[in-house]
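Q: Turn these sequences into a full structure, and let the hints steer you where they fit.
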Amino acid sequence: MTDPFVHPYIPNTAPKSKAAMLAAVGAASVDEFYADVPAELRLDRPLDLPTPFTAEQDLVRHVEGLLAKNVSTRQRLSFLGAGTYHHYVPAVVDEVINRSEFLTAYAGEPYEDHGRFQALFQYQSLMAELLAMDVVNVPTYDGFQATATALSMAGRMSGRRRVLVASDVLPDKLSKVRDFVRVLLDLEFVDTVDGVADVTGLASRLAEDVAAVWVETPSRTGALEARLQEIADAAHDVGAVLVVGTDPIGYGVLTPPAEQGADIVCGDIQSLGLHQWFGGAHGGFIAVHDDPRFIMEMPSRLFGLATTDVPGEYGFGDVAYDRTSFAQREEGKEWVGTAAALWGIAAGVYLALMGPQGMRDLGEVLLARTRYAQRALAEIPGVALGDRAVHLREFTIDLSGAGLGAADVVDALRAEGIEPGVPVDQHQLLVCVTEMTSQRDIDRLSAELAALAARTGNAAAGASDTDPTDPGATTVSAPILEEQSA
Amino acid sequence: MTDPFVHPYIPNTAPKSKAAMLAAVGAASVDEFYADVPAELRLDRPLDLPTPFTAEQDLVRHVEGLLAKNVSTRQRLSFLGAGTYHHYVPAVVDEVINRSEFLTAYAGEPYEDHGRFQALFQYQSLMAELLAMDVVNVPTYDGFQATATALSMAGRMSGRRRVLVASDVLPDKLSKVRDFVRVLLDLEFVDTVDGVADVTGLASRLAEDVAAVWVETPSRTGALEARLQEIADAAHDVGAVLVVGTDPIGYGVLTPPAEQGADIVCGDIQSLGLHQWFGGAHGGFIAVHDDPRFIMEMPSRLFGLATTDVPGEYGFGDVAYDRTSFAQREEGKEWVGTAAALWGIAAGVYLALMGPQGMRDLGEVLLARTRYAQRALAEIPGVALGDRAVHLREFTIDLSGAGLGAADVVDALRAEGIEPGVPVDQHQLLVCVTEMTSQRDIDRLSAELAALAARTGNAAAGASDTDPTDPGATTVSAPILEEQSA
Amino acid sequence: WDEPIIFELSTPGERGVLVTGIEPGVRDAVGDVVSELPAGLRRQAPPALPEMGQMRVLKHYLRLSQENLGADLNVDIGQGTCTMKYAPKVNEQLIRTPGLTAMHPLQDPADAQGVLEIVWQTERMLAEISGMDEVSLHTQGGSAAIWSNIAMIRAFHEANGEGEQRREVITTIFSHPSNAAAAKAAGYDVITLYPDADGYPDLEALKRALSPRTAAIMVTNPEDTGIYNPAIKEWVDAAHGVGALASYDQANANGILGITRARDAGFDVCHFNLHKTFGTPHACGGPGAGANGVSAALAPFLPGPRVAREGDRFVVREAGEQSIGAVAPFFGVIPNIVRAYSWMMALGAEGLRAVAEIAVLNNNYLMKKVLEIPGASAPYATGRRRIEQVRYSWQDLFEDTGVTSEEIGIRASDFGMHYWTSHHPYVVPQPFTLEPTESYSMAELDEYAAVLAEIAREARDDAETVRTAPHRQTVHHTHHDDLDDPERWAITWRAYQRKYFGDAAA
Amino acid sequence: WDEPIIFELSTPGERGVLVTGIEPGVRDAVGDVVSELPAGLRRQAPPALPEMGQMRVLKHYLRLSQENLGADLNVDIGQGTCTMKYAPKVNEQLIRTPGLTAMHPLQDPADAQGVLEIVWQTERMLAEISGMDEVSLHTQGGSAAIWSNIAMIRAFHEANGEGEQRREVITTIFSHPSNAAAAKAAGYDVITLYPDADGYPDLEALKRALSPRTAAIMVTNPEDTGIYNPAIKEWVDAAHGVGALASYDQANANGILGITRARDAGFDVCHFNLHKTFGTPHACGGPGAGANGVSAALAPFLPGPRVAREGDRFVVREAGEQSIGAVAPFFGVIPNIVRAYSWMMALGAEGLRAVAEIAVLNNNYLMKKVLEIPGASAPYATGRRRIEQVRYSWQDLFEDTGVTSEEIGIRASDFGMHYWTSHHPYVVPQPFTLEPTESYSMAELDEYAAVLAEIAREARDDAETVRTAPHRQTVHHTHHDDLDDPERWAITWRAYQRKYFGDAAA
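Protein chains in written order, with the UniProt record's numbering: chain H, 1 to 486; chain C, 1 to 486; chain D, 19 to 524; chain Z, 19 to 524.
Hints are supplied without guarantee of correctness; some may be wrong.
Cβ-Cβ distance ranges computed for the label pairs, FRET-style [unchecked claim]: (1) Z:Asp464 with C:Glu32: 17 to 23 angstroms; (2) D:Ala461 with Z:Asp464: 43 to 49 angstroms; (3) C:Asp31 with H:Ala447: 46 to 52 angstroms; (4) C:Pro292 with Z:Ala63: 22 to 28 angstroms; (5) D:Gly420 with H:Met296: 29 to 35 angstroms; (6) C:Asp198 with H:Gln75: 53 to 59 angstroms; (7) D:Glu339 with C:Arg414: 55 to 61 angstroms; (8) H:Ala19 with D:Glu222: 38 to 44 angstroms; (9) C:Glu259 with D:Thr400: 54 to 60 angstroms; (10) H:Gln75 with D:Phe519: 51 to 57 angstroms; (11) Z:Pro447 with D:Asp480: 46 to 52 angstroms; (12) D:Glu54 with H:Gln75: 34 to 40 angstroms.
Because the hints were derived from the structure by calculation, they are not lab data. Where a beta carbon is used, it is the ideal one built from N, C-alpha and C, also for glycine.
A: Written as structure tokens, this is what we have:
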């Protein structure tokens, strides 16, 4: 602390500099610069803020002290997913995105910021290979926004209002999409069957006024949609667009939706090289075919390759900049602003490191561990799988047979240092495994859950007439929670 | 894991590349390249090493698991010094030295590695301002080596063998210096008085066969030498060189030894922007005046400013390269090799951030907290200060009056999560405070120590005839431990 | 560096990072899960991602990074409206702890007390800074925050039964374009007001535009010209007079922190950009973070979930009935929230006021230097001070030399500087907008002005050099017409290969 | 960048970082400690360090970093003998945890079990790799490790009463110069052997040099020429025959990991450079780290303290009576030890052997490419394979064109490559030494060879371009004669100011 106030972040608080600059502009004090701010609007007191830590070492002690109150998923065995996933982030990814040059740049031109343009063009290109589509945007905020925009694109293109929602969707995502699109679109829900789309039911609802069919795969419960091509064909028959929301993590082994008729593929890139960050590191992608009808509806920036004055040299720039709100204000498509570029660079580095074999190996380990976890948990007496679909990474278990409520299981296992999953209704729990979840971790969960079920079963057996969680009770399907409970 | 073995660190393990290269050089297998290695020397089995973690995520889990067994000075309240100090490292220091460009460069030329030359030239220059001397080397390994070399320089210059050691020296440092210089020099110890040099005793031992007087300030016990000029004058009178070992941390407020007659100033830069690293991050500096007699005896590289073909442009290069073992093998001065360049860059960034006012503020807080800690501990009945010198950062307390052994105090306070210091003999403890040690931390130490002393005093009072730690017993000066006890 | 596109660096068989193996116990239990996938789910051809050793991937991206000019490297004052300030490195160090990166948002709140406290405290500090009653940190950028503003306004009017009636939103041409764009996206008709002759927002024009159809005014203040609307309270009052709400885009708040507050002028909703005013890095264009402040009347409409304090514990509460719901996953851009918290805690009330005052001093100092350059001007409010930025014009120079602002901006890159010219529509001709913030020293501002002066001199003496720039960059003048032609644009490598070489994607 | 010397960036009053304040309670208790310092201890004029805001310091050093060419950025195979390999980024991430950086070496070993285990395991792995019985990790670099080798040898002979008798150390000219230099520093007379006509170490010359005066032979193998001494066991046996010890400089071990071991050839002591063979970064010239391996007979002489395992706990033991004592503070260069441990654990036995085999394959492949360049040659052992590196010569090109190896090396920097030419004395004329390690792909080796070929072509067609290089660097041809003249050399800014401008240091 110094007197007068000099701060390392503000060089011209140095008294001599400040005085010299005031003199240079002929001002007696900084007050002069605020001549246009009416006196009655001027704050006549200091802001009422906590005492600061101007010495860096004190700031560090304070913030580290706060963060030390957190108990992370390194210390807790976590089976939490539901939108944020615990995948391994290679060190090179963090090294690259933490480079000052990338971290602190913004919206420079293709010349002095050639590296940023190339890195983001490469992100688009790498995602495009994974998704087998020709066009991918510079990331928007998150998968929620990407999906809302993708559906809006379908609405704007077609002028139709109906959207058929064919899959189970994360409640928060649905909340965001609904509020965002409601000016343009009406969402209609076609109940899923056994975790995936009811293709017949869907077909019966399709008509010429349908703008889009919206499929999520993996769905909110991790179920993979195996009949996408049929859905696409049915949608296309009535001139509707197939919008597929997805997580790209599985496409080293899974067929990309574009190869099964998807017109717009969208989702979140958090799985591709981003830490969990308490849910604070998401980015949204929207992929389409190289069709100007679709491309011109995209609000995000699209970086493209261009020639330069030097033959053979690659330059970069904005494709069809005049789509955007930068150029057109309210006449542009939605808007473009600071979104998630750095996360896009991260995802690009991730895919470059993983390569085709890495993504294949990863997809396989995810499928294998998911299947293993399903089997291990379903072997517990009273625990059943929520459906019979093929799952990637997430799946639900139904605990009603064991007389357990989902929230009770969460409470009980938290006491053992385990986050067993996210309740999706009274008796169903959404369990997530990744390549970070080892066989031993899964075995630990199933052992703890089995022990809990056994205890409860015994307790229930001793008090079966009065216990409301009686395993013999009929399972009642509860409404899907609109918000995560925390 | 892949089969055949392909590793991310070794690109040409890719089978096609390996085969193509073997074909290009006309070799059937890599065995051919080892034709000169006799068969009987070939290892006919795989190395017996632990199963590796080729997947990065598995490696991380393994190593993080090991390091998680450590309990650091963030979790323990530490008053440990004795050569490695807990100072604050500004974030910008780490940012700079973790840059790939600095971290992974080596010994390039001044052209493509201009940045390294400039950064190290600046380190030399910044240290030179702090020390008020014109010449500082590119860092050698550590303060031990710097001191050994500084004394050797004095020996080589003078052809004399006697070195008078006027201060208390860290035992390990003394061990290193003794073994390193014994070809050239004989060390003679002049016992300190009240923590600092016995100037009279020293004068009586000085003669024309003395190569150097070696003073440490702060000394092993943190005592500051206040009569340096007298010592310098006496040494110079017989043609001896004054070598001062020091820690540069205090020279924002303390008079640099060069202003009091020191000829060679040397020490460690760990305090200047390097973490504790379990004692694994040290660098040695040697500073002299701009006198070729001294400079030509220095073994380290010295980077200098030079003109270039462009007027006004700064170039850099090696000053007097022909001194070095690179150029002269055994005819050079000692040797030069990979030492501690990056730590030098760190120290330079540190000094640039701190500036004159920062170093002054730091020096003041160190002096103030040291004094405060001395007073707080000396107020405990039975605890006395080891001497009456002015101390910076470290000081000793004598516990004999409280009937406590130093090692017992360490054991007892460790049980409370406190590392109270380093025993220097049976009853003396070396206590260290820095700007990271708050008043509250010091108060906690003194409260715990007071409580311990009170308990012991009571116990002693009840069993005074048999207790070997009876506070009434005469303190016997124990031999200084040659190695830290741990 | 002449660094290829990454696909050109692929060598078959190389690996960048290996994935953990499937344990034998898992393998035995589940068999070959890939070959057992149902028809249609199993990918046939692997994705044509590059195959590269780890060091080569690293090297590629490090080289690209060196071809980029971050705020840490240059005098980054040319992105006016963007507030390119210093993002302290200590904050980067603080957020990279596993205690933050490895937190899952659905963990037991008892395990998340540190991050929840930071969210809550950050909201409270921003409430004090804006004068608003409640703050939400959910939105992931400034434009997203503007969306939340209008979404809350829409919900408010609907809750009051005026949803159908109020179909118009009024903004000004020097407010950020996302105000207009978001209002449009929310279904409103947008009315855009132009300034008066002096460049001040035109109160009379506003009054003419307001009506019972007005849902809200959405304005930036100071506007992107750096001019503060002295009648801002009258604007708000006029909006309230017809039952409309007033929404304050505080993207340009850097010059008024601790000087004047949104709520004190009567605004109902406002937002800040944490990545502008509160020192989080811009990250090549995100993640940013928005903060929405509202009056008590609007508080029920805030997005959820909310972090609340109960005694000395922090809890998570689901959004209420009237909430616009989730606008993004979970709690917002956590790394930026922690950075912004740390930034404010490093400065405090006195520091924030110093930020504002020095930013404004820097701006007025720079304006003096720039206006000394022949050919440069600052349209509107001649002779008046500006707040934190100035929208300048090279119109005079263009008339003299034919050199455009865009060309000058590109030439600036040869000097390690740059500025951004996308200020559509070009109400100010040949525009450039400089915002020096509080982060630069007098010497750096002098250096920047000297570069502009030198280029202006070149424009007169050697216009060709300016027009053919850049001369000292890794790339050369790029043919942007490629990018507007659907036959030639190439948004991905696979599209480029297909269009230019007729390859099917490999 | 044209970045000034940092002192030129100073502005009075600016601050880079603030220090924590003295608490009022402390202040009250101790008063003004600075003014109460005894005469002579209180500094009069403050040190003339620069005064700079934090961002400007950062920017300065970031720009300097961009003016530096790390191994991460180039094809860094020109520092032959230095083994510039990939230092994996994951290891950087692993070591930067407070669980390592915030450890004090004198903490309770119970609180340091993780790091102690890593030290112990690393020693054991290196013992297996070298075949030695015990390993110490104390030394902070390769040359420091050589010093420890000779210090242990000296102590051994002294313990056996032969300290006075054995006054000579024998080395070879293609062993690293620090072997000669360290032996000299330890008081020995140094005898240097030259190779035979084929470039192989000359066994007969050794036998002539050996005598009861010999304390040790200290040799590198393969030597810096990349030639492996096929008679290495005979060398060791001959040394043992006269009672001397054999010390193995394994700086060049990268090509023989898992192929052949020091102890199997009979060596008594050896050392590795963790910063060469074991993947720790070179850090602009340190910190490196050495590892000293010894036979059981030499083990008592190892430096202390030692880390030992007792059951499943790790403890610290003081050095014994015969130990050479402390050679450095505490336990050695901990960050590098953890990096090396992680590197070995990422590779395992199969991986280390792949390292060696691919390093050797790369080297022989590169040799073929280089020898195709007119004017380049690989003296000695014509037609024989090399191990991990080759010392080449441009002598033929020099004779044809007058262009020197040093000039070619500097010109290489214009292509983003470089090599190091300090291979005194120039037994190989116009030398350059390339060591491709295992870290580079075939394409990168081709690229490097192509650069050399292009420069060799330039030397013939346009020698002036080569001679006046560099042309594309931040600095230009530098006048090195300034640096050898005591009147003109300027080792610090204050000396420069004084000598060139007559300033007293400010």
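Q: If you check each hint against the structure, which ones fail?
A: The structure breaks none of the hints.
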